[in-house]
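Fit the two chains together into the complex; they arrive one by one in their own frames, and the hints show the way.
The listed protein sequences derive, respectively, from chains D and C.
Last residue of the first sequence: 213 (the working numbering), numbering continuous.
Last residue of the second sequence: 312 (the working numbering), numbering continuous.
Hints may be right or wrong, so weigh each one.
[Said to hold, decoys possible] Facing chain C, according to a computed beta carbon distance under 8 Å, are these residues of chain D, among others: (1) N24; (2) G158; (3) V171; (4) N174; (5) H208; (6) L209; (7) W212; (8) D213.
No lab work stands behind these hints: they were computed from the structure.
Here a beta-carbon is modelled for each residue, glycine too, at the ideal position from N, C-alpha and C.
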Amino acid sequence: MKLLRLVFFALVIRPVLLILLGVNLRGREKLPDHGPAVLAANHNSHLDTLTLIALFPLRDLPRIRPVAAMDYFLKNRFLAWFATNIIGILPIDRQGGAKEGANPLQACEDALARGDILILFPEGSRGEPEHLSGFKKGIAHLARGCPEVPVIPIFMHGLGRALPKGSFILVPFNCDIAVGDALFGEEDIAAFMARYEAKMKRLASELHLPVWD
Amino acid sequence: MSMFGELSTVHQVLIGIYALLLVASGIVAVLSRKGVSGADELVARVKSWWWMIGVFTVAILIGPAASVVFLGFLSFLALKEYFSLIPTRRIDREVLLWAYLAVPIQFYWVYSNWYGMFIVFIPVWMFLLLSMVITLRGETEGFLRAVGTYTWGLMITVFALSHLAGLMFLGREIGNPAGGAGLLLFLVFLTQFNDVAQFTWGKMFGRHAIVPKVSPKKTWEGFLGGLATTTLLAVFLGPFLTVMDPLWSAFAGAAIAAAGFIGDVTISALKRDLKVKDSSGLIPGHGGILDRVDSLTYAAPAFFHIIRYFYA
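Looking at chain C on its own, in the form it has when it is part of the complex (with noise of 0.2 Å):
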């Protein structure tokens, strides 16, 4: 009974984004048969959206199992793709490979639903662990930029995406009547709306830049036209996939927006220290891994503790 119940609400929502899907596909072929310039990349990118939604439609709705496998090789994914990037020193070709085997194991915390060690683990174990790993190679040139990025990019790639896991059991264990998959879907969907609604007004109406160095095209206007759509947004859609009331989830959908906003600029600076335009070419009309996935680096850890403080 509550089984079907879980189901249809968020079938329900998941025909809503198809069909928002169906619309946008729409247009852009109308754009790209009228030869406007960009049609192309908007192309590629409408055809990514499909991929990654179904790809994250199979994961949700198969269960708990199939999304941590999913989210944990989204968590790989990301991580690969940061090493890749980042300068790296020769004698650290292993000590990477104890920070890849942290994702497995972090997963696997999560869908053992053992939520003190899912919380320290990397933190204080991996933490400790890769310093004493890096330092025991006995090389002391370049020590502090090893630890300093090794760590970081684990707390952001696979501890802070870990959490989008950790809603699957956390949205169980507290009785969210659409299940875990109703939270992840929540902050899902709201975290990648809020990226395309803070582009749209940036676009229409952006004129005061917040960080101009870090993102010259992150504006105020765009900012807090996106926080207002997206909270609207969370009003309705926090009654039908979560335990909140439509004030509470005003509060998750403004903080969802700002927090995934955090995560893009941060992001980009990272990007901008680095030299490089998009995180690698991975996913056609988007970049890489990290170029989707960086609002979720913020977003989920902060809508995952709210949750976990005010209703678990």
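Just chain D, with the same shape it has in the complex (with noise of 0.2 Å):
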């Protein structure tokens, strides 16, 4: 499964976004050589998740993993998958923990203890395409449980023109992704995502972002 995973991104993926979009990139310099990381994400598209992971060498393939809604990802046996063992997710429950105190970023915290790189989006789902909708507190919890681990603000833009929530048709369209200075939990959850906030701002207004309308 690791060698399928290995060749579809060497295969497909890569040569996708190399020819059919085009990744521009800020700040390469800022996203980790190795784990734990958590890199934070606003999402638009499918395309996000991939696009992320294909930023990393392949040799940091196994390594990376996309936290993911279970109810979406493990809701039919193909997606499931798919979704597992090609993508390679990290399945949580979005409803937050069925069973009575039980901490639902547990898997997240054990993943980062092994050293891996999760990939979050806090907006939680794609929601409207190129539009910032609120973040999630889920990423300054795993934060505060994890101090000593970085989380790299992430602004991407562009993946939502090529290809929509609710679309399956892909468009060509170049994307930008402009990566931050990374960001270390702390006790207050909204002073974390107050500064995790203001970070994505600075970093959308560093990019052009055309109109979409």
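Okay, here's the thing in structure tokens:
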């Protein structure tokens, strides 16, 4: 399965990203060269996860785990197989611990303890393409639980035009990705969220965002 | 026999270009070692030149089919960059696929050497088709902006640039001794050389801006200096790579320099309107594809039609 995932990324995802899409990356040097780390990006398209994974060398592939909602990705057998084995998702329960008192982020914390690089979309779902919606606080809780792990804010733009929610037709567009300086968790959840939000707004303001109306 | 002759002239010029590149690499390496400010940018730029010239060399030496595929791909990248920069309407997402589809078709007309279709396909058929498809989306808000921007982009990035590939076949048709590759090499080398020459003359003597609001660093001194240098180089290269005698070569060289300048400032005007510095970050030290082929968007059709009008 690991081999299949490697082949899929090397022969399908990377060539598609390179030819049909195109990434203008700012701040490549701020991407972590080893785990544990959390990449916290905004979410416009299914392509976001694949594009973020493809920013890393193939040898890091086994370490990179996109955190994804169990209810969406494990809803049918084919999607579940694909999401788990090819994309390599780390499924979490969005409804927040069915069991009383269970930590819904336990799986994430365990993965970070193993030295993995997690991909997290604090907006929750893809929402309206190319439009920042409110961030959920899970990221702040995770950062508080693992205060030594860097949380890297990443602003992405353009993939929502290429493949927005609800569409299956890919239209070639370049996308922009801006990587910011790492943040670290703190006790105050609201303060962490404010810092994260401010970083994301600053990263967005550095990019040329064409009107898409 | 003629095949051997064709390759050898083009080969000699290519060897000259690689020699220039070696010299440039040497100079940049020295600057970088001395720690001159801005040297890193130049290192990246020269390194990218190696890649661009390398790919271009392989494409034209393999033959016309490879050149068409390579130049078609270049055109596609330029169009994609353009669509990524400009304002687009959500409702037009699929409309843009029609525009992309025009790329392989246009380059197929080039490959099949069907001049009549090559010359009307985008200005007539795609122009009307795109306008129709946009109308049928049924949204009038922003209609004029959409038809205007999409068709202009298609003309500049696909129609104009497809003339580069057209040269490969035109050269064969008119019996150019150095073949189509000779014409293409003459145009591309002079255009890129002219960019550098105008930049250098402007840097040294530039005082009077030509269109200050569009491109404050483009001066009369740079333009005229570049034009003179390029014309002079054309006099030597023309008889070597093309059917033209020295006088016609001078005329073609001056036309390439002037058209190249216009292409350059036209793309600058576009970028300035969109408030971006580079069209993308694809080529380190250069910017995007559009930044690199800006001069060619005017120089290629101008040179192609000069040759076709006077020699075909």
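Tell me if D/L209 is really an interface residue toward chain C, meaning its C-beta lies closer than 8 Å to one of theirs. Violated - the Cβ of D/L209 stays beyond 8 Å from chain C, reaching only about 10 Å at its closest.
Tell me if the interface restraint on D/G158 is satisfied: Cβ within less than 8 Å of some Cβ in chain C. At about 6 Å, which falls below the 8 Å cut-off, the nearest Cβ of chain C leaves the hint on D/G158 intact, so it holds.
Can we keep the D/H208 interface hint, with Cβ of chain C closer than 8 Å? At 5 Å from the nearest chain C Cβ, D/H208 passes the 8 Å test, so the hint holds.
Would the hint on D/D213 stand, with a C-beta cut-off of 8 Å toward chain C? 6 Å, holds
With a cut-off of 8 Å on the beta carbons, see whether D/W212 makes it to chain C. 6 Å, holds
Does the nearest C-beta of chain C fall within a distance shorter than 8 Å of the C-beta of D/N24? 4 Å, holds
Hey, does the D/V171 contact hint survive, CB to chain C under 8 Å? 5 Å, holds
When the nearest CB of chain C is found for D/N174, is that gap smaller than 8 Å? Holds, because the Cβ-Cβ distance from D/N174 to chain C comes to roughly 4 Å (cut-off 8 Å).
Checked against the numbered hints above, the structure breaks only hint 6 and satisfies the rest.
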